[in-house]
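Enquirer: Listed here are the chains, written in short residue letters.
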Amino acid sequence: MAYVRPVSKTSWYLARRSYTVHMLQELTSIFVGMFALILLWGISAVAGGPDTYQAFLDSLRSPVMVVILWVSTVVMFYHAVAWFSVTPKAMPIQRGEEFVPAGIIAGAHYAAWFVVSLLVLLLAGVF
Amino acid sequence: MAKINKAFFWSLFAAGGTLTAFVFPVLVLIVLLSAHGNPPEIMGFEQMQRLLSNWLVKIAALGTVALALWHAAHRLRTALHGLGLRADGAVAAIGYGVALLGTVLTAYYLLQI
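Protein chains in written order, with this note's numbering: chain Y, 1 to 127; chain A, 1 to 113.
These are calculated hints, taken from the structure and not from any lab test.
Hints may be right or wrong, so weigh each one.
[What the hints assert, rightly or not] Partial chain A-side listing against chain Y, Cβ under 7 Å, derived:
| id | residue |
| --- | --- |
| 1 | Phe9 |
| 2 | Ser11 |
| 3 | Thr20 |
| 4 | Phe22 |
| 5 | Pro25 |
| 6 | Val28 |
| 7 | Ile30 |
| 8 | Asn38 |
| 9 | Gly44 |
| 10 | Arg50 |
| 11 | Ala68 |
| 12 | Asp88 |
| 13 | Thr103 |
| 14 | Val104 |
Built from N, CA and C at the ideal position, the CB exists for glycine as well.
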């Protein structure tokens with residue numbers, strides 16, 4: 001029988017830093033899902049009328065929500081950076097014999113992300 | 001069939017990851033500003049109602065919420081497996097179930113605006 005190296009099913013991701021980072025990146029999805037539900041909550045509040053919407057805005061100001069939103073902000077930026085940083089591996093582009101350099105593919109994503117964010121902030125009336 | 005399902009769920013996961021990477025940081029920032037009592041103009045009821053009355057915006061909003069939920073459900077499913085939880089059937093049913101319910105509810109409320 002072939003030798004099988006024993007690997008813990010519940011703590012393997014603590015064995016190496018890169019595994020731990022990977023697991024943390026996977027867990028950012030908790031906040032992605034949670035924020036999607038906050039958006040759903042906001043949409044339902046708009047459908048409910050001005051009073052319901054005002055109650056939604058008031059709920060956002062509760063200490064618990066403020067903490068959740070601060071953590072979400074940090075986690076969401078981390079998710080974006082981590083996601084775009086692997087785009088050269090996830091979608092390598094070949095031109096002739098050569099592959100387009102990883103920095104260009106990831107850089108194009110970062111640039112597009114910056115432009116999209118700026119546009120949304122402008123349209124939202126933040127500036 | 002199983003292979004088709006896998007590719008299908010993975011494509012939703014990848015689309016959700018990309019879309020949320022592009023728009024969620026800035027959207028969370030806008031909601032965070034509101035939570036601190038400095039809501040940008042767009043967070044006013046009339047502005048938000050007008051915005052969500054637009055059909056293109058409705059479709060974009062539904063697509064964003066739906067893909068984010070599917071992304072989270074799929075990624076949490078594999079992460080929980082990685083953390084040693086072996087109840088994959090239940091995890092998948094709950095995760096995809098919440099994603100489906102959230103998608104249907106989002107569509108329902110958007111249609112009321």
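Enquirer: Evaluate each hint against the coordinates.
Expert: The hints, checked one at a time:
1. Phe9: violated (14 Å)
2. Ser11: This interface hint is violated because 12 Å lies over the 7 Å limit.
3. Thr20: Holds, because the Cβ-Cβ distance from threonine 20 of chain A to chain Y comes to roughly 5 Å (cut-off 7 Å).
4. Phe22: holds (5 Å)
5. Pro25: With a minimum Cβ separation of about 5 Å from chain Y (threshold 7 Å), the hint on proline 25 of chain A holds.
6. Val28: Constraint on valine 28 of chain A satisfied, holds at 5 Å.
7. Ile30: OK, holds: isoleucine 30 of chain A within 7 Å of chain Y, min 6 Å.
8. Asn38: violated (9 Å)
9. Gly44: At about 9 Å, which exceeds the 7 Å cut-off, the nearest Cβ of chain Y leaves the hint on glycine 44 of chain A violated.
10. Arg50: violated (10 Å)
11. Ala68: Check passed: Cβ of alanine 68 of chain A comes within 4 Å of chain Y, closer than 7 Å.
12. Asp88: violated (13 Å)
13. Thr103: violated (9 Å)
14. Val104: Since chain Y brings no Cβ nearer than about 10 Å to valine 104 of chain A, farther than 7 Å, the hint is violated.
Violated hints for the displayed structure, listed by number in ascending order: 1, 2, 8, 9, 10, 12, 13, 14.
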